[in-house]
Amino acid sequence: MNAVVWAGVILIGGCGSVLRFIVDGAVGARLGREFPFGTLAVNVSGAMILGLITGLALGSDEALLAGTAAVGSYTTFSTWMLETQRLAEERQNRSATLNVVVSLVLGVAAAALGRLIGVHV
Amino acid sequence: MPTSAQGRAKPRGRSLPSRILPRLDRREVVAVFAGGALGTLLRAALSEAFPHSATSWPWPTFVVNVVAAFLLGYFVTRLQERLPLSSYRRPLLGTGLCGGLSTFSTMQVELLKMIDAGVYGLALGYAAASIAAGYLAIHIATAAVRRVWVPR
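Those sequence lines, one after another, are chains L and X.
For the first sequence, position 118 (counting from the first letter as 1) is numbered 118 according to the numbering used here, and the numbering increases by one without interruption.
Counting from 1 along the second sequence, just add 1000 to a position and that's the residue number in the numbering used here.
Be careful, since some hints might not be right.
If you want the footprint, here are the derived chain L segments under chain X, 3+ residues with CB under 8 Å [as the list claims (entries may be wrong)]:
#, region
1, 14-21
2, 61-73
A short list of chain X residues far from chain L (calculated; beta carbon distances all over 12 Å) [what the hints assert, rightly or not]:
#, residue
3, 1056
4, 1057
5, 1069
6, 1075
7, 1077
8, 1082
9, 1084
10, 1089
11, 1112
12, 1119
Derived by calculation from the structure, the hints in this document are not laboratory data.
Just so you know, these numbers come straight off a predicted model, no measurement behind them.
Cβ atoms here follow ideal geometry from the backbone N, Cα and C, with glycine treated the same way.
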């Protein structure tokens, strides 16, 4: 672990966050903002990519940069919770519950699928 | 309208990025980058400092996620309901810092590894505790901002 790797974490973390901002905006613009499809798309796709990276069994520096920094920053837990709480606050309990359950089920399934692909690559 | 007519008259028309990315503000992008870089550094440092096995509670992820949820609830409520409009604060603090600090994908892979290891109780407890604590953190932060800044 050295300074170059940590500089990489910073740069890649910034890029992953910008990519999330762009994908979330693009999906939201297309599918509407009644339901937080943007965050769902980001999180499920990110879970699949991290599953794939896990399946590839990279070295520790590579895993830190590709997994923790890139995919970790691309996905978000805080926005997922914020959008769920705001839906519940507006008494859209069905959407709020769906947002939690669908994200979780698709997230674990996507991670499993990604890993399966990664192992067989 | 002259603008749209001019736009259509241009030989190349609207480029693909501009159709996919409506109103992408350079200042917002820089703010998201800066916040995201800092959040990611904090999260990565924590996860490297406290490694954990597949069958133990993933404290680093759990803590950054709940802390980021609390901060996001605080920032967003304050920025939306209390402070004058700002073009860079929400991207910097919310989308960038909190988004970079928290992670969904790592949590999902941790859950997957717990399921593999057969520790279903731990997986269920971890998922339920993360969601309950994250939700509660947003709720408390939101309520705190509303109570403090609007005396009833």
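Now for the hints, and whether the structure bears them out:
1. 14-21: holds (count 7)
2. 61-73: holds (count 7)
3. 1056: At about 17 Å from chain L, residue 1056(X) clears the 12 Å cut-off, so the statement holds.
4. 1057: holds (16 Å)
5. 1069: Per Cβ check, residue 1069(X) is inside 12 Å of chain L; nearest 5 Å; violated.
6. 1075: Label violated. Min Cβ-Cβ 10 Å, cutoff 12 Å.
7. 1077: For residue 1077(X), whose nearest Cβ neighbour in chain L is about 9 Å away, the distance does not exceed 12 Å, so it is violated.
8. 1082: For residue 1082(X), whose nearest Cβ neighbour in chain L is about 16 Å away, the distance exceeds 12 Å, so it holds.
9. 1084: For residue 1084(X), whose nearest Cβ neighbour in chain L is about 21 Å away, the distance exceeds 12 Å, so it holds.
10. 1089: Nearest chain L Cβ is 14 Å from residue 1089(X), so the label holds.
11. 1112: violated (5 Å)
12. 1119: With a cut-off of 12 Å, residue 1119(X) remains clear of chain L, as the shortest Cβ separation is near 14 Å.
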